[in-house]
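Asker: Protein chains in written order, with the numbering used here: chain A, 1 to 214; chain B, 1 to 214.
Because the hints were derived from the structure by calculation, they are not lab data.
Mixed in with the good hints there might be a few duds.
No copy is singled out in the list; a pair is fine if it fits within one copy or between any two copies.
Stated by the list, open to error - Once the Cα atoms are required to be at most 25 Å apart in a straight line, the calculated DSS-like pairs of lysine-lysine come out as:
id : residue 1 : residue 2
1  : LYS15     : LYS69
2  : LYS15     : LYS176
3  : LYS211    : LYS169
4  : LYS169    : LYS15
5  : LYS15     : LYS211
6  : LYS176    : LYS69
Number of protein chains: 2
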Amino acid sequence: MLFDFAGLSGLDRYKLLVATVVPRPIAWVVTVDEQGTLNAAPYSFFNALSGDPPIVAIGVGARAPRELKDTGRNIRATRQFVVCLVDEANAAAMNVTAVEFPPPVDEVAVAGLTTVASTRVRPPRIAESPVAIECELHTMIDLGPERSIVLGQVLAMHVRDEAVLDAAKCYIDTPKLNLIGRMHGRGWYARTTDRFEMPRIALEEWEARQKAAE
Amino acid sequence: MLFDFAGLSGLDRYKLLVATVVPRPIAWVVTVDEQGTLNAAPYSFFNALSGDPPIVAIGVGARAPRELKDTGRNIRATRQFVVCLVDEANAAAMNVTAVEFPPPVDEVAVAGLTTVASTRVRPPRIAESPVAIECELHTMIDLGPERSIVLGQVLAMHVRDEAVLDAAKCYIDTPKLNLIGRMHGRGWYARTTDRFEMPRIALEEWEARQKAAE
Chain A
1 MLFDFAGLSG LDRYKLLVAT VVPRPIAWVV TVDEQGTLNA APYSFFNALS
51 GDPPIVAIGV GARAPRELKD TGRNIRATRQ FVVCLVDEAN AAAMNVTAVE
101 FPPPVDEVAV AGLTTVASTR VRPPRIAESP VAIECELHTM IDLGPERSIV
151 LGQVLAMHVR DEAVLDAAKC YIDTPKLNLI GRMHGRGWYA RTTDRFEMPR
201 IALEEWEARQ KAAE
Chain B
1 MLFDFAGLSG LDRYKLLVAT VVPRPIAWVV TVDEQGTLNA APYSFFNALS
51 GDPPIVAIGV GARAPRELKD TGRNIRATRQ FVVCLVDEAN AAAMNVTAVE
101 FPPPVDEVAV AGLTTVASTR VRPPRIAESP VAIECELHTM IDLGPERSIV
151 LGQVLAMHVR DEAVLDAAKC YIDTPKLNLI GRMHGRGWYA RTTDRFEMPR
201 IALEEWEARQ KAAE
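Construct all of the structure, not just a fragment, from the sequences and the given hints.
Answerer: Okay, structure coming up:
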């Protein structure tokens, strides 16, 4: 079935992308405005895009044309943010922070969460989150009046102690993080519990396999 | 546990990001060079970042400084690519296309896959893939000599017939796509089989709940 995007509404384009590009990692983004008022909200138009330099990307939307939602507005103004990652235990709290509260509601407090000061940026991290990534704005790309892409350079990362296998070697016990991914519709998520291993094949190994099969 | 990125090697920065930002959707990117030679390779530094305009992003690497791998080089030269999505049935074939074959090996043929002509761009799509997204280059952001970010504007999307619930309404049966996500290490993946539903809460609903609780 072919969907020609030229003939589709903006909503239909969005629906097709969020229903197919899955599973999406979730950024629970913490920012503060110029007065220090805290904001937290989840975004699944998110991923790491480079290891070195260490860059993460978030697609942020607008409440109205030229009026970015709090996250985008605060990042543009302060150039700093913290990406917390979401495990299953924090799913319900994350969902509370996604409610469209009128400002200046502190979503973090309403969701029953606590914060801890960051080491390199002004926005704090969510204490309950197993991973927090402190970022400074690298580039902001305005796609149009209602959409921008935030590229953030990673300054520091906090990982819950129990999930660190070897700090010196930067080995993390990823399954222990129990992170969830965003799926389709208004509320489907996937756990990362059903896994399989398929190691990458080195060229020499591939050639040896081919030789053995002949 | 705090990891200060200023004191880490490039490899350690990469290891921390790929071990924590999970599950990552996978782009199986098909490109052609100026002579029409086909290339396909999987990337998990990938996601949709905007619905309208419809934008996907891919982080691409280099074989050597200033010498992007085939995917990035071809996109820079031709400004076109197709993102195929990966289901469990195609995992092994995808892994074959990730082998570092010396050019001009046709990874798609070696992996036993077939291609179908695209409707809006020159690179074909992988016939076996349940979703294919035809893209043209929107912006290429060079992060350094070895890393670039490709922003692609979606021109068209093909979805396997059985997974289309209502074409006019753009309703897709996402679980039927059986897509996989990239996890940690050199070869861990997650299925999207273990799901839960947690609908977004409207402000009115939240307020009604609070009132009921008082």
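Asker: When no copy is specified for LYS15 and LYS69, does a C-alpha distance of 25 Å or less occur within a copy, between copies, both, or neither?
Answerer: Classified as within; 20 Å inside a copy, 32 Å across copies.
Asker: Using 25 Å as the alpha-carbon threshold, which applies to LYS15 and LYS176: within, between, both, or neither?
Answerer: Result: close only across copies, 16 Å inter versus 32 Å intra.
Asker: Within a copy, between copies, both or neither: which one fits LYS211 and LYS169 at a CA-CA cutoff of 25 Å?
Answerer: neither (36 Å within a copy, 51 Å between copies)
Asker: Between LYS15 and LYS211, at a C-alpha cutoff of 25 Å, which is it: within one copy, between copies, both, or neither?
Answerer: neither (47 Å within a copy, 33 Å between copies)
Asker: Is it within, between, both or neither when you check LYS169 against LYS15 at 25 Å Cα-Cα?
Answerer: Result: close only across copies, 9 Å inter versus 41 Å intra.
Asker: Given identical chains, is LYS176 near LYS69, meaning Cα to Cα at most 25 Å, within a copy, between copies, both, or neither?
Answerer: neither (33 Å within a copy, 33 Å between copies)
Of the numbered hints given earlier, the model fails hints 3, 5, 6; all others are met.
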